[in-house]
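Quick note: to get my numbering, add 12 to the position in the sequence shown (first position is 1).
Errors might be hidden in some of the hints.
Pairs of lysine-lysine residues, derived as DSSO-like cross-links and limited to a Cα-Cα distance of at most 27 Å, are as follows [claimed, not checked]: (1) Lys37 - Lys65; (2) Lys84 - Lys37; (3) Lys68 - Lys116; (4) Lys435 - Lys327.
Simulated from the structure, these hints should not be mistaken for lab results.
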Amino acid sequence: MIVTQPQRKQERALLIGLEQDGVSKWDLRDSLEELAELANSAGAEVVDTVTQKLQKPTAPFYIGKGKAELIKESFQDQQVTSVIFDNELSPAQGRNLENLFSRKVLDRTQLILDIFAQRARSREGRLQIELAQLQYLLPRLTRMWTHLSRQTGGIGTRGPGETQLEVDRRRVQERIARLERDLEEVRKHRSIQRQGRKRHQWPVAAVVGYTNAGKSTLLNLLTGADVLAADKLFATLDPTTRSLVLPNKQRVLLTDTVGFLRNLPHTLIESFKATLEEVVEADLLIHVVDLSHPRVDEQMDAVDAVIKELGAYGKQTLMVFNKVDLLANQELISVYREKYPGSVAISARTGANLDRLVPALQEALSSWRLRARYRLPVSEAALLAEVHRVGHVIEVHYEDDFTTLVANVPPQLEPRLAPFLEKP
Numbered sequence: 013m014i015v016t017q018p019q020r021k022q023e024r025a026l027l028i029g030l031e032q033d034g035v036s037k038w039d040l041r042d043s044l045e046e047l048a049e050l051a052n053s054a055g056a057e058v059v060d061t062v063t064q065k066l067q068k069p070t071a072p073f074y075i076g077k078g079k080a081e082l083i084k085e086s087f088q089d090q091q092v093t094s095v096i097f098d099n100e101l102s103p104a105q106g107r108n109l110e111n112l113f114s115r116k117v118l119d120r121t122q123l124i125l126d127i128f129a130q131r132a133r134s135r136e137g138r139l140q141i142e143l144a145q146l147q148y149l150l151p152r153l154t155r156m157w158t159h160l161s162r163q164t165g166g167i168g169t170r171g172p173g174e175t176q177l178e179v180d181r182r183r184v185q186e187r188i189a190r191l192e193r194d195l196e197e198v199r200k201h202r203s204i205q206r207q208g209r210k211r212h213q214w215p216v217a218a219v220v221g222y223t224n225a226g227k228s229t230l231l232n233l234l235t236g237a238d239v240l241a242a243d244k245l246f247a248t249l250d251p252t253t254r255s256l257v258l259p260n261k262q263r264v265l266l267t268d269t270v271g272f273l274r275n276l277p278h279t280l281i282e283s284f285k286a287t288l289e290e291v292v293e294a295d296l297l298i299h300v301v302d303l304s305h306p307r308v309d310e311q312m313d314a315v316d317a318v319i320k321e322l323g324a325y326g327k328q329t330l331m332v333f334n335k336v337d338l339l340a341n342q343e344l345i346s347v348y349r350e351k352y353p354g355s356v357a358i359s360a361r362t363g364a365n366l367d368r369l370v371p372a373l374q375e376a377l378s379s380w381r382l383r384a385r386y387r388l389p390v391s392e393a394a395l396l397a398e399v400h401r402v403g404h405v406i407e408v409h410y411e412d413d414f415t416t417l418v419a420n421v422p423p424q425l426e427p428r429l430a431p432f433l434e435k436p
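My request is simple: use the sequences and hints to build the entire structure.
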């Protein structure tokens with residue numbers, strides 16, 4: 013006899029946002045719409061969205077106590093199984109809300125961590141997401157011990173619970189230390205891979221962009237890769253590198269990266285440093301933008317913010333405006349292409365205008381075929397650091413008062429380096 017397993021019941025989520033000083037009603041609406049997309053991507057059904065206007069979050073419940081009581085009363089009718097807040101909750105707020113609601117309480121960071129945990133496939137990806145989860149969990153361990161609060165205080169109730177909590181905290185810290193060591197090995201391995209690429213003199217272009225902008229679809233289209241491409245947030249997490257030969261016979265390595273997001277949790281950026289180092293070390297950034305999205309400018313700003321946090325700002329960037337086939341107003345193409353000279357507008361899904369993208373990529377990489385030797389005095393340490401950050405350093409030799417290096421540099425840096433150019 014075949015026994016069928018019962019289907020897992022879909023979670024029904026209630027979303028909560030706070031309209032506070034400095035946050036407009038429209039910004040809150042956009043943020044909650046994105047939170048709903050994240051919840052759907054995680055497999056939850058959003059049953060309702062609740063907002064409250066306050067000057068700032070309250071310490072006990074984030075929202076007002078009266079508002080929290082009203083929300084609790086609505087649970088039964090809507091069959092709510094989980095409550096998701098648009099901003100990060102403090103450990104005390106999360107504990108108080110779970111006690112009041114008797115429901116699972118999550119914040120935006122936990123939701124993103126859950127999606128990442130579902131999507132990670134490689135060992136490296138799983139290590140990174142586990143580290144981020146444990147770093148988030150550590151200050152919130154007391155929520156795992158809410159059963160102790162039912163006991164009365166006083167003699168005989170202090171020892172065992174506190175001891176077990178300390179044991180758990182120590183185990184989490186030990187696991188975090190081990191994960192950090194493992195990820196350091198990953199970084200070393202990636203560094204060796206990058207050194208190998210430099211020996212071949214192949215430029216590396218990192219494909220960056222907001223989540224669901226079409227990065228993986230573009231990589232598949234250009235290189236014939238088989239990266240998962242789906243219309244959902246964070247469909248792929250693990251980086252993929254593929255080789256592309258341009259019409260001028262130059263070979264370039266394209267690396268797909270994890271999608272960015274507004275308010276991307278800092279713990280995720282820290283944990284994914286081993287992956288995101290591909291952005292820092294790349295010779296060129298290909299910024300893929302979903303031009304059909306109603307919040308396209310905000311998404312571009314969010315990507316720029318993460319790039320700055322990674323220390324990759326200032327790199328030569330090719331802007332690729334994607335999903336033009338979904339645009340209701342085709343005039344937007346001219347507006348954004350004029351705003352960003354050298355950009356291209358394509359549809360990675362249909363292949364439209366791909367014949368314009370490849371020449372633009374070839375032109376953007378043209379400077380990397382030309383190398384030059386520079387001799388910089390020690391007083392130009394800041395300029396030398398910028399060459400290392402945004403250029404492609406091939407050789408470097410240090411003397412007492414000068415540093416001599418052979419490098420390919422993006423066009424915007426050449427005028428500043430011209431006085432230090434060594435003639436052959």
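*asked:* For lysine 84 and lysine 37, compute the direct alpha-carbon distance and say whether it is at most 27 Å.
replied: holds (24 Å)
_lysine 435 and lysine 327 were given as a pair; does the straight-line alpha-carbon distance stay at or below 27 Å?_
It holds: about 26 Å lies between the C-alpha atoms, which stays within 27 Å.
_With the threshold set at 27 Å, check whether the alpha-carbon distance from lysine 37 to lysine 65 stays at or below it._
Satisfied, since the Cα-Cα distance of roughly 9 Å is no more than 27 Å.
*Is lysine 68 within 27 Å of lysine 116, Cα to Cα?*
Within the cut-off at roughly 23 Å; holds.
Comparing the model with each earlier hint shows no violations; every hint is respected.
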